[in-house]
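Asker: Each chain, letter by letter, is given below.
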Amino acid sequence: MPETATEEREVAVADPGAAVTAEHRLRAHVEMLERRLRKRDEQRRAMLHIMGDLSEFNKRLANQRKAMLHVLADYEQDRRRLARQTERLDNSRRAVLHILQDSHKDTLRLEASRKAMIHIMGDLRETTAEMRRREQELRDKQEQLVQAGKLATLGELTTGVAHELNNPLNNIGLFVGNAVDLIELAGTEKGQIVRELGHAMQQVSKATQIISHLRTFGRAAPASREAISLRQVIERALSLMQEQLRLREIEVTVDLGPVEPVVLGNAIQLEQVFINLLTNARDAVAGSRRKTIWISGSARSGVVEVAFADTGPGIPAGLERRIFDPFFTTKDVGKGTGLGLSITYGIIKEHGGTISVVSPPGEGATFLIHLPPAPAAAQETSP
Amino acid sequence: MMTPLSVLIVDDDPALLQALPQALRLRMGGVTVETADSAAAALDRIAAQDYDAIVTDIKMPGMDGLALLAEIRTRRPDTPTLIITGHGENELVVHALRGGACDFIQKPIDRDYFVAALYRAVRAHVRNRRVKDRQLALASCADELERIVQKLEREPRAVPGRADS
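Sequences listed follow chains A and B, in order.
Adding 21 to a residue's 1-based position in the first sequence gives its number in the working numbering.
Adding 430 to a residue's 1-based position in the second sequence gives its number in the working numbering.
I should point out that these hints are in silico values taken from the structure, not numbers from a laboratory.
No false leads were mixed into what you were given.
Once the Cα atoms are required to be at most 25 Å apart in a straight line, the calculated SDA-like pairs of lysine to any residue come out as:
{"hint": "1", "chain 1": "A", "residue 1": "Lys87", "chain 2": "A", "residue 2": "Glu97"}
{"hint": "2", "chain 1": "A", "residue 1": "Lys370", "chain 2": "A", "residue 2": "Ala330"}
{"hint": "3", "chain 1": "A", "residue 1": "Lys370", "chain 2": "A", "residue 2": "Arg257"}
{"hint": "4", "chain 1": "A", "residue 1": "Lys211", "chain 2": "B", "residue 2": "Gly460"}
{"hint": "5", "chain 1": "A", "residue 1": "Lys312", "chain 2": "B", "residue 2": "Ala470"}
{"hint": "6", "chain 1": "A", "residue 1": "Lys211", "chain 2": "B", "residue 2": "Thr462"}
{"hint": "7", "chain 1": "A", "residue 1": "Lys312", "chain 2": "B", "residue 2": "Asp494"}
{"hint": "8", "chain 1": "A", "residue 1": "Lys370", "chain 2": "A", "residue 2": "Ser250"}
{"hint": "9", "chain 1": "A", "residue 1": "Lys211", "chain 2": "B", "residue 2": "Pro451"}
{"hint": "10", "chain 1": "A", "residue 1": "Lys227", "chain 2": "B", "residue 2": "Leu447"}
{"hint": "11", "chain 1": "A", "residue 1": "Lys227", "chain 2": "A", "residue 2": "Phe238"}
{"hint": "12", "chain 1": "A", "residue 1": "Lys312", "chain 2": "B", "residue 2": "Pro491"}
{"hint": "13", "chain 1": "A", "residue 1": "Lys227", "chain 2": "B", "residue 2": "Asp443"}
{"hint": "14", "chain 1": "A", "residue 1": "Lys227", "chain 2": "B", "residue 2": "Pro491"}
{"hint": "15", "chain 1": "A", "residue 1": "Lys211", "chain 2": "B", "residue 2": "Leu447"}
{"hint": "16", "chain 1": "A", "residue 1": "Lys227", "chain 2": "B", "residue 2": "Gln448"}
{"hint": "17", "chain 1": "A", "residue 1": "Lys227", "chain 2": "B", "residue 2": "Ile535"}
{"hint": "18", "chain 1": "A", "residue 1": "Lys211", "chain 2": "B", "residue 2": "Asp542"}
{"hint": "19", "chain 1": "A", "residue 1": "Lys312", "chain 2": "B", "residue 2": "Ser468"}
{"hint": "20", "chain 1": "A", "residue 1": "Lys211", "chain 2": "B", "residue 2": "Gln448"}
From the derived model, a few chain B residues whose C-beta atoms are all more than 12 Å from chain A:
{"hint": "21", "residue": "Glu464"}
{"hint": "22", "residue": "Arg553"}
{"hint": "23", "residue": "Arg557"}
{"hint": "24", "residue": "Gln565"}
Here a beta-carbon is modelled for each residue, glycine too, at the ideal position from N, C-alpha and C.
Full structure from sequences and hints, please.
Answerer: Quick look at the structure:
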């Protein structure tokens, strides 16, 4: 191009007509050059932009490289951790193998044990049969003990009852004697003799009642279970003790609540319980200024409760548990057998009930008896 | 014994209070028998009347026969008291006799023995009373004599000379 421009200018110099043309051509050439220059400038600016972008990009790349390095470090850590876990797993695997071996040995041992167990089971069966036999024996013995206790109670009652029997017998003798006298006396009216004999008959039936009650009580009755009215049981026990209590001026209060308490049990055994408790209370209040025995009862849902309280000196602290032991007595030698409360305990236990005693200092003793009530169906058949 | 005998029977058994008085009435003609069913009731009776004899049971609720006996001994020391005891109650019998009972009867009561004992007691009582009456009479006689003697001593000897003659 510069050669061309020079050539042009040379041409223009040579030929002035051609000079104008050449000038035109030159101007056009300058314009083209200027255009090119502008274009190049634009390109340069674009290049500058691109360079800026590139530098930016480069910076970002550097950052990413740093991030990549971090990530790589993390990877390395993970890898190491994995290696450790693998090692651990390997250990575990080996341990499991050991355990499996042991377990095999255990299985063998178990087999041996199983065989031994079979032997033991055989022995156990024999022992159970023996146990059952012993248990039956024990139950027989217990029944004998109950009977013995009953007779002991009876023995303690006898002195009092003998006195009670002596009275109607004495009266019978007097009434019959009077009748004999009246017959011997000429001219007595028949009615008077009959009256005397009638009185005698009344006394006979009084004595018979006492004796028949004693006989029922002493009889070795099978321990059957039926619906029993507690009121009747308590009244029967009281009737046997009545004279002794009356002579000692012991007041007895019975309050069994609005609902008749009915329990499933044995009337004679339960009567024995109350005779034992009455005998104890009778002796306990002997030295008291006020002599009272309270028998209170209540039938709540699922339990019949009887409280038996007296105004005696109470039970010395520490003896509350021992008083139910067989042959434990605080009475003088020959006064008590020490069987009463232990028999009572046994009977209540046998009835599926509980008996306990509370004796706050300064107050009398209170025996608390809980008995399971008779089922409703059984109550309907009770007399 | 001109006046009819009066006897008090004390017992807490109503049947005995029917039988025993009847037996006494049949066996002892003309006897009046009263009854009391407790020691307290008996003391009321005793305060109102002087019986020829009292028969009491030992075993009674409240005041028993022994305590009643002691009361009778202070209130009516002269009235003979018989005690009824149960069979074999020897200790009580001894207590009763020491306490001043004049006799004891064991149950069951033998009527012949009882009536005899009662008569014995009453007779002894009557004799005692007679002795006491006579003692009283004698004592008053003695007093009288004493007075006469004193009177004679105080009186001036009216005729001294005559005494010598």
